[in-house]
Amino acid sequence: KSTRKIDEDFFEELEDILIQADVGMNTSIELVDKIRTAVKKQKINDPAEVTDLIKEAIREILDTEEVPLNIADEKPTVILVVGVNGAGKTTSIAKLANRFKKQDKRVILAAGDTFRAAAIDQLQIWADRVGVELVKHQEGADPGAVVFDAISAAKARKADILIIDTAGRLQNKANLMKEISKVRKVIEKEIPAAPHEVLLVLDATTGQNAISQAKIFKEATGVSGIILTKLDGTAKGGIVIAVARELSIPVKMVGIGEGIEDLREFSPSVFAQAIFES
Amino acid sequence: MAFEGLSDRLQEVFKKLRGKGKISEEDVKLAMREVRLALLEADVNYKVTKSFVAAVSERAVGQEVLQSVTPGQQVVKIVYDEMTQLMGGSETKLTMSSKPPTVFMTVGLQGAGKTTTAAKLSRNLLKQGRRPLLVAADVYRPAAIKQLQVLGEQVGVPVFSMGQSNPVDIARASLEYARSNNRDIVIIDTAGRLHVNEELMAELLQIQKTVNPHETLLVVDAMTGQDAVNVAEAFNDQLSITGVILTKLDGDTRGGAALSVKAVTGCPIKLVGMGEKMDALETFYPERMASRILGM
Ligand SMILES: Nc1nc2c(ncn2[C@@H]2O[C@H](COP(=O)(O)OP(=O)(O)OP(=O)(O)O)[C@@H](O)[C@H]2O)c(=O)[nH]1
Ligand SMILES: Nc1nc2c(ncn2[C@@H]2O[C@H](COP(=O)(O)OP(=O)(O)OP(=O)(O)O)[C@@H](O)[C@H]2O)c(=O)[nH]1
Ligand SMILES: [K+]
Ligand SMILES: [Mg+2]
Ligand SMILES: [Mg+2]
Chain A
178 KSTRKIDEDF
188 FEELEDILIQ
198 ADVGMNTSIE
208 LVDKIRTAVK
218 KQKINDPAEV
228 TDLIKEAIRE
238 ILDTEEVPLN
248 IADEKPTVIL
258 VVGVNGAGKT
268 TSIAKLANRF
278 KKQDKRVILA
288 AGDTFRAAAI
298 DQLQIWADRV
308 GVELVKHQEG
318 ADPGAVVFDA
328 ISAAKARKAD
338 ILIIDTAGRL
348 QNKANLMKEI
358 SKVRKVIEKE
368 IPAAPHEVLL
378 VLDATTGQNA
388 ISQAKIFKEA
398 TGVSGIILTK
408 LDGTAKGGIV
418 IAVARELSIP
428 VKMVGIGEGI
438 EDLREFSPSV
448 FAQAIFES
Chain B
1451 MAFEGLSDRL
1461 QEVFKKLRGK
1471 GKISEEDVKL
1481 AMREVRLALL
1491 EADVNYKVTK
1501 SFVAAVSERA
1511 VGQEVLQSVT
1521 PGQQVVKIVY
1531 DEMTQLMGGS
1541 ETKLTMSSKP
1551 PTVFMTVGLQ
1561 GAGKTTTAAK
1571 LSRNLLKQGR
1581 RPLLVAADVY
1591 RPAAIKQLQV
1601 LGEQVGVPVF
1611 SMGQSNPVDI
1621 ARASLEYARS
1631 NNRDIVIIDT
1641 AGRLHVNEEL
1651 MAELLQIQKT
1661 VNPHETLLVV
1671 DAMTGQDAVN
1681 VAEAFNDQLS
1691 ITGVILTKLD
1701 GDTRGGAALS
1711 VKAVTGCPIK
1721 LVGMGEKMDA
1731 LETFYPERMA
1741 SRILGM
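Protein chains in written order, with the numbering used here: chain A, 178 to 455; chain B, 1451 to 1746.
By construction, these hints were calculated from the structure, which means they are not laboratory data.
Any given hint might turn out to be false.
[As the list claims (entries may be wrong)] Once the Cα atoms are required to be at most 25 Å apart in a straight line, the calculated PhoX-like pairs of lysine-lysine come out as:
1. B:Lys1727 <-> A:Lys350
2. A:Lys232 <-> B:Lys1497
3. A:Lys182 <-> B:Lys1500
4. A:Lys252 <-> A:Lys335
Produce the complete structure using the sequences and hints provided.
Written as structure tokens, this is what we have:
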């Protein structure tokens, strides 16, 4: 048992740890306040116990009953992947495709990023590596048209899963957000129950801007879950706590590397634990 | 617009201060508490925030400030000075060698914007009458070479590539190519990597030793949170970077990384990326940025 006293310095240190993990001011202060009250009430004097309490509080915010990924009863399940530039969308799609392929599912990918240089080539290489089909048009083509074709192909070939890549875009670009809303509408029109998942890819190194990303992408596309990438670095990705608290968007998967296998289901307890490890 | 959120919060704080004829030490203390919160909410590193607030406080509670006729104004001026210093004082140019080719390399985390920035930079240099060469030294990311080739074509700059060869060999060969083809600036695009990946960091060091670059430019995503300083520190420790390029400043980030990286590396932010298009790379002006943040 530690001899460390639980005083204001101790709580301040806890707050610093949370802030350093990008949990954000409001959420950090709220979490620490909650723990401070609990400590007083339960007369806790073991620092380890306090840390456990705060981890528990984090888990509570992040825990959702939902299944990791929503799979439709009727084929195909359509997954739309969105996010800001460079977050890891295309790579995460390759990892997801690989995961479904291993479950003996028939997967089709759609090259909906027709804007970025060599984005289609990048996805084609991944599709070949995983061994799944890719529906693509030329660079500069209308993403809505690509998606339309991909849905037709998925239906015709009785694919289980269709995963749609989209161009990276910053959420404050109104015209680009309108474009992605339109992509969603194309999907809805072809399959009324779709998309079954809209996954926002968030880079774990992102700071407070992630809240604005989640908010605006949710408004434009109806985000249903988050893939938190690049957790293999030193960033903790604490901003997803604030995102879960403020916007109720669950984290579904995490990216832990550049390889095809580096995708895991999200575990709130592993995540909460990691915040307090250096 | 980037910095907007921070700007709003700080201006709120200073409006209160400016409104007062006389201010006390207590007023300054309260204001600084608000400044601290605003900076942390804007992703400024928590250690940088601490020392920034300490520096401003120390100067602000001096007699000449508190007893001046416009004390609120004076405090804002101090914040402006300190913030400008924090971001490097004034703008810095890229180092050009008197003996061509000048060599630059871009380094940084995955997805930060290295490849795009390398191409933009080559375009700007071409416009200035230089003869740049882009070098495809990312042999890991799928279609990284193709990406650079497409961008090179767009901006009219040749791209040197050797397929998936060893990046150190590619870098070495690119210099020979530049010399025999009269290219006076070589920009090497390296693969994204984590600062904690020893093997890949060693590879970068090897490239650096081989080509002896005039600029080793760390490319940092402006949306980065608290980790920005860990990354910048690690790259700087291992590679002695010479400058930082901040990308995606066309977003609505509060831009804390901009306020933190100079402080921890001592390296100035030289350029900023303001969009995906090839003409969206600009010089970074710390004074202008500070004025914008403080609404001056
Ligand atoms: N270390 C690490 N790198 C990752 C991870 N996920 C993706 N990356 C890398 O991040 C970089 C960007 O990934 P992309 O998949 O191209 O990102 P994107 O969101 O599709 O990018 P744009 O289409 O340009 O917006 C690549 O170098 C990937 O290898 C991860 O979980 N960990
Ligand atoms: N909006 C905006 N997007 C940018 C900017 N700079 C780069 N991007 C985008 O960010 C994404 C990643 O850029 P890349 O140049 O591929 O990044 P990288 O660092 O080379 O990535 P890796 O090689 O995978 O590590 C792309 O979608 C770019 O178009 C910028 O200043 N503003
Ligand atoms: K990024
Ligand atoms: Mg992509
Ligand atoms: Mg690159």
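Note to self: Hints numbered earlier in the text: which of these fail when held up against the supplied structure?
What the structure shows: Of the numbered hints given earlier, the structure breaks none, since each of them holds.
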